[in-house]
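Colleague: Next come the chains, spelled out residue by residue.
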Amino acid sequence: METSILASLGKVVLERQPDGTFLQRGSAPDWYARMSRGVLRASTPIRVESMFPFLSVFLPEAEAVWRAKDGGPTRLDSDLWCETAEGGEELPLAATALLVGPSRLLVITRCDELFHERRLVLQRARELRITYDALAREIEQKDILVHCIVHDLASPLQTILGVLSSLDERHPPSEDGAMIDLALEAALRQRAMIREILAVFASEHEDLDATREETAVSDLRAGLLRVIAEHELTARGRNVRIERDVPRLASLVVADEPRLLRVLANLLGNAVRHSPVGGSVRVHLREEDTSVEVSIEDEGPGVPPALAPRLFQRFGRGIGPEAGTGLGLYFCRITVERWGGSIGYTTLAEGGARFWFRLRKAPTSTGALAA
Amino acid sequence: MSTLEKRKVCLLGATGVGKTSLVMRFVRSIFSDQYQTTIGTKIETKHLTYGDHVMVLVIWDLSGEDEFQRVRLSYLRGAAGYLLVADGTRRATVETAMALHHAATEIVGDVPRVLVLNKADLRASWELDDAHERELAARWTVFETSAKTGAGVEEAFRALGQALLQR
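For the record, the sequence lines run as chains A and B. Just so you know, this note's numbering puts the end of the first sequence at 371, numbered straight through with nothing missing. Just so you know, this note's numbering puts the end of the second sequence at 1167, numbered straight through with nothing missing.
Since the hints were derived computationally from the structure, they do not count as laboratory data. Be aware that a few hints might be false.
Beta-carbon label-pair distances, calculated as ranges [as the list claims (entries may be wrong)]:
1. GLY72/A - ARG1028/B: 55 to 65 Å
2. THR21/A - GLU1067/B: 37 to 47 Å
3. GLY72/A - ASP1121/B: 24 to 34 Å
Listed next, the in silico SDA-like pairs over lysine to any residue satisfying Cα-Cα at most 20 Å (straight line) [unchecked claim]:
4. LYS1006/B - GLU49/A
5. LYS1006/B - ILE46/A
6. LYS142/A - ALA1124/B
7. LYS1148/B - LEU91/A
8. LYS1006/B - ALA85/A
9. LYS1046/B - PHE52/A
10. LYS1148/B - ASP1033/B
11. LYS1046/B - LYS142/A
12. LYS1006/B - SER56/A
13. LYS1046/B - CYS82/A
14. LYS1046/B - VAL217/A
15. LYS1046/B - SER50/A
16. LYS1006/B - LYS142/A
Each residue gets a CB set at the ideal place from its N, CA and C atoms; glycine is no exception.
Work out the full structure, taking the sequences as your base and the hints as a guide.
Modeller: Right, here's the structure in full:
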């Protein structure tokens, strides 16, 4: 009775004999009867590994179960495998080795449902991975195309800037001169935006050379003072005061200078641009145990709460004239993080925005090299 | 006609490179565009004739290696040789194949093997360039195959069988 039930569940029970052959116990399901069509009778000893080659790797493991002493495991399940029956029928199977009293049993189960469920889940996961990889490759190719287009846009701009500069020098202050100044300013702004896009591209696509990134060292304080000096003129033009709290301290950090200056210029430029006329921008440099922090505070409107969570993502401040390229803060984040630093934004209780970033001290400034 | 013993050979490679399709093409001369991932192990047999000799290849098609499933290399035990399969349109699959090769040699030692670069019907989309392929060919017996068209499939399996015969 029990073996009939097992057969109707798609299971065949075989008992291991002392000589390593197996004898069928009870009824066999249809699938097994078809597979064992050359076997004369159910009582004929068989070599299961000849009928099911997969078992050649499972039986050695099963022997450990069948030899189990008191307390050892008395059951072992195989992985799923698939046999092909006559006519190309696919038979998903799984084997279980059991020790029941003195009987050393091998139960082979046809498990279509489990097989198809597992295949469905795994296949879906793999298809998604393949789609993801294909999309990533496509995005990369499009990025390269955009880079080429932006790069090409910069070439005629150089000519436009050259012509406008010469016209600006020739014309005395007049209505024409004001228009030329306006055009020159717009062209310079466009060049800055193009440079920003190209810088982001370079940061995203250059090969990461961990050693070079680790060994690049810059003086954060010197860089900060230089960028402040460069922005003084623009700030004065807007009647914005830059207040500095930049004490002398060990400010050698892990960073390479050109990109560090660009990060500083991005943050300070934003602060000046968003400050109200007559307001002030405060720049602080602070030493911590293992890092040095720069923070820049302004008295502008701050960042709308809805934008704050994606502020450092691509186009995090939207796309439009007021948002620039939408890549400046994104560039700052990926650059700072590449050096092992961190960057962030907080609102100020009294209003305005506070942007900060921390960079790891270079080994020389912590004394690690000397040690 | 003398008959040789059965020889177990395994197919190893990253997921989706076309291992099962190669076996289906070789054993049953069929191909399906519908991708069906292999669960566990799929076993097929094929008789190969070399002059007076008949060899029964017992082909173990092992599930692909990826982040979702590891290849159970213990299943290589008893293998007389193996086919490493990579997908020419995905360069990373060559690296996976090489990693599997190194792991396989730990288990079965220095046995005959061939490297199969599948999906030759998509040659225009290959990520593998000629230089890389030449570099591989200097170290491996390489076959460009297409399970879809059947190109190179029989040759790859027969070459492995021939190498088994000579051992």
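Colleague: So, for every hint listed, does it hold in this structure?
Modeller: Going through the hints against the structure:
no. : hint                            : result
1   : GLY72/A - ARG1028/B: 55 to 65 Å : violated (43 Å)
2   : THR21/A - GLU1067/B: 37 to 47 Å : holds (42 Å)
3   : GLY72/A - ASP1121/B: 24 to 34 Å : violated (53 Å)
4   : LYS1006/B - GLU49/A             : holds (13 Å)
5   : LYS1006/B - ILE46/A             : holds (18 Å)
6   : LYS142/A - ALA1124/B            : holds (19 Å)
7   : LYS1148/B - LEU91/A             : violated (24 Å)
8   : LYS1006/B - ALA85/A             : holds (18 Å)
9   : LYS1046/B - PHE52/A             : holds (15 Å)
10  : LYS1148/B - ASP1033/B           : holds (8 Å)
11  : LYS1046/B - LYS142/A            : violated (46 Å)
12  : LYS1006/B - SER56/A             : holds (13 Å)
13  : LYS1046/B - CYS82/A             : holds (16 Å)
14  : LYS1046/B - VAL217/A            : violated (64 Å)
15  : LYS1046/B - SER50/A             : holds (15 Å)
16  : LYS1006/B - LYS142/A            : violated (52 Å)
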